[in-house]
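Enquirer: Chain residues, written in single-letter form:
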Amino acid sequence: MLGEMEVAIAAPETQPAGPPPVLRLERLSKTFGGTRALRDVTLEIAPGEVHALVGQNGCGKSTLIKTLAGYHAPDPGALAWLDGERFELSGVGDRHDRLRFVHQDLGLVTELSAVDNLALSRGYARTRLGSIDWAQQERTARALIGRFGMDIDVHRPLKEATPVECTVVAIAAALEGWTGGGVLVLDEPTAVLPHTEVERLLEIVREVRRGGTSVLYVSHRMNEIFDIADRVTVLRGGRVIGTRDVAHLTPQALATMMVGEDVDLSVRREAPSTARPAALEARDVRAGVLRGVSLAVGEGEVLGIAGLPGSGRETLPYALAGAWPGPVSGAMRLPAQSDAWTDLAEDDTARIPLVPANRTTEGVIGAFSVKENLTLPMLGRLRGRAALARRREDDLVDGWIDRLGIRAAGSDAPITTLSGGNQQKVVMARCLALGSQVLALCEPTAGVDVGTRMQLYDLVAEQARAGVGVLVSSSDEGDLIGMCTRVLVLRHGVVATELTGDQITEPNLLHAMEGS
Amino acid sequence: MSTDTAAAHASASERHVVTRPRAARRTPQWRRALSFGNIGAVYVWLLIILAFTVWVPGTFATRTTFEQILNNNAVTGLIALSVVIPLAARVFDLSVAFTMTLSGVTVAHFAAQTGVGVAPAVGIALGVALLIGVLNGFVVVGLGVDSFIATLATGSLIKAFITMVTNDQSITGVQLLRPPFSSIAQTDVAGLTLPVLYLLVTAGAIWFVLERTATGRRLYATGFNPDAARLQRVATDRLRFLSLITSALLAGVAGIVFTSAIGSGSPTAGDPYLLAAYAAAFLGATQLRGGRFNAWGTVIAVLLLGTGTTGLSLASTPQWSTSVFTGIVLIVALAVTSGRVRVPQRMRRRAVATD
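Sequences listed follow chains A and B, in order. Using the working numbering, the first residue of the first sequence is number 7, and each one after it goes up by one. Using the working numbering, the first residue of the second sequence is number 435, and each one after it goes up by one.
No lab work stands behind these hints, which were simulated from the structure alone. Careful, some of the hints might be misleading.
Here are some, though not all, of the chain B residues that point toward chain A, as calculated from beta-carbon distances under 10 Å [stated by the list, open to error]:
#1 R651
#2 Y654
#3 G657
#4 F658
#5 R664
#6 V668
#7 W754
One side only, chain B facing chain A, incomplete, derived with CB under 7 Å [said to hold, decoys possible]:
#8 V643
#9 T647
#10 A648
#11 A655
#12 A662
#13 R667
Glycine residues also receive a C-beta, built at the ideal position from the N, C-alpha and C atoms.
All chains should be modelled from the sequences, with the hints used to inform the complete structure.
Expert: Next up, the structure:
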């Protein structure tokens, strides 16, 4: 069905001309139960190229990477070559000298230092007495990391390092003992990186390529692909839709390949025509790095919160939602409920629904079903005499699954069987189902594909039209440009700049965040 | 009891559902309910019964043996059920065995050595258990000490207190040997004693709370991901506190029942029950609800382990063989459900995902 759909793309299919591919996969399929996650995938990586792998959530990217890593065994019939040599995908171990992985979670032990983490994969250097040769170990670590122009304290635990520093350590660990050639697989390396650090990471990827190593680069972020990739392979519904030279593609055409229909990437939201009364007002909020922020979100307004990591951008929604673990001071009120101001230091009952920043650790409960996740904050309302009213709960959940187009095998399906984008929809549905006049969203599109991202933007716009005031805190400028009608840029815990309407552009946002 | 669709099971380890499974592909609900993955322990139990019937013909497959298994394991069942609610919230209460002992000697002391009567003695014993629950809650939730070590510590304190007041002597007295006190545990109903009934009622109540009420859902949420639960307005601290109160109270009940059953207040009554309780609760978590601590799974586990140990003693095997049996069953059950061990493909396809 999907494969029969013709996609009109101007760019020609690239020919595997020139040197033989360093990695080649043929007839790779993978079936889980009755679900075909990959169908007849063919993939070729040329020596020394950065090859992007893109597709919407659930397209089979993760399955492909995991199959390549030997985590899943492919269906019989799959063929694979490394440097022209056949190897078995279902076997583990024999490919590790020329095919290495940096998985999305980086696989680091954050309590340990960079030195220790590197030693976990390469082993510790020993003195003649058999004890660890720390001096040697430190020199090695510095050399590995220094190659990427990074100067980090190799003895500090990684949990104190920035995300990009952790990524560098993971890449260094993956490349340990590497003599060039081969393929480095980077699975969504920028998913957790703030926008400002992405460029540093891309430079590191270029450095890897300069060393003669090919990179298979999995990403959701369109502009990165055009920045860094030589070729791009698009997956949809488990099939390869095509492999193209990036030079011959436009973002529009790539998005169309991924989604299968025309997507308008140039969305811009209409500001509410007239000034509306405030849905949320906050005065002098202090929590964590926040040093006194006051704001008002109008009814039907989508207010963005931007800022570098540590600017207080991450803290503000939690403080307003009564979910900040540390001390909070300031006052807020929800005029729709009451004109009285609530002191945040004393009363955290005036909570507003929050989409937390980290979906896996704060958003969903992995062992729960879709239904159990969705109704968690509203169980009190679903109570019958003593037990939960199960019929009402089912109806409520089915209604939201329908309304948001959540793709799940039913409301009792474990939440972990859903793709990231669909999990995010469940988290969103949970907030909307509370029926609040104010919502706070943190990183609403992290790890979400282009199609779902557009659906989430539309959903927020729909809420705004219905008069809901929405607060969006995001490190992704695309979110702020695509959703917000006004953006507060935080710097060092205070509001530094306010941008409205046409002023909300990427250069303006970056400029305001960095204070340059 | 809600169960998941077959397709969802098949791809439980996979993050992406690529195509919506067709309704026609669904396995009938009864087949899922009876699958090995769901109630494997019941099949193992039947197998054990069959094995002992062959091994010890004449004595094992009799009504008396079955009544004996039920009657002898009712207290184990009660103490095992006492830790189910805390475990659902990922709280360990390792003091239950000592709470059981303390409640047992308390009721014996007040019923036998003072003139307060049976009902007030029972009330005082439960009050003491309640106090232990509050103490545990205070240390775990109030002081923020990890529950595993906190209840190990309070257990040690309770143990010291018991030794101090009883001087390690059993509390005896004629009042403990005759009704009304003895009838708490020694009343027979159709060959079964009352504690079996207490067990079933308690299991039913815990099942209802965990499966059917908002509180149960919130307890599981607290156990699985306390951060996410807190962000969804679940009062995780209060639930953890309450879970320790329920475990102490249930351990108190078990202590009273045990004292009534043996007719004296033993200062070491609870000692053998701690391991048995956790064994049954963890084995029970592999049953019915795939990975969730639950009441009926725990009851099934108690019966499975009880049948094995009773059968082994009837077969005149050495005394240590029962411990070997318990150890092996636990390791096999938890290994099979951990997903690391390959079970034959036909069984696996029906197995419930338990990650």
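Enquirer: Now look at each hint and say whether the structure bears it out.
Expert: Quick rundown of the hints versus the structure:
Interface hint at R651 (chain B): satisfied, since its Cβ lies 6 Å from the closest Cβ of chain A, which is below the 10 Å cut-off. Below 10 Å, beta-carbon pairs count as interface contacts, and Y654 (chain B) has one with chain A at about 7 Å; its hint therefore holds. Given the 10 Å rule on beta carbons, the hint for G657 (chain B) holds: about 8 Å separates it from the nearest Cβ of chain A. Checking F658 (chain B) against chain A by beta carbon gives a least distance of about 4 Å; that is within 10 Å, so the hint holds.
Using the Cβ-Cβ criterion of 10 Å, the hint placing R664 (chain B) at the interface with chain A is satisfied: the shortest such distance is roughly 7 Å. The criterion of a C-beta within 10 Å of any C-beta in chain A is met by V668 (chain B), whose closest approach is roughly 7 Å, and the hint holds. Below 10 Å, beta-carbon pairs count as interface contacts, and W754 (chain B) has none with chain A, the closest being about 37 Å; its hint is therefore violated. For V643 (chain B), the interface hint is violated, since its Cβ never comes within 7 Å of a Cβ in chain A; the closest pair sits about 9 Å apart.
Annotation: interface hint on T647 (chain B) holds; nearest CB of chain A at approximately 6 Å, less than 7 Å. Interface restraint check: A648 (chain B) against chain A, minimum CB-CB distance 4 Å, threshold 7 Å, status holds. Annotation: interface hint on A655 (chain B) holds; nearest CB of chain A at approximately 6 Å, less than 7 Å. Interface restraint check for A662 (chain B): the shortest CB-CB distance to chain A comes to about 5 Å, inside 7 Å, so the restraint holds.
The beta carbon of R667 (chain B) comes within 5 Å of a beta carbon in chain A, closer than 7 Å, and the hint placing it at the interface holds.
Hint check: violations occur at hints 7, 8; the rest are consistent with the structure.
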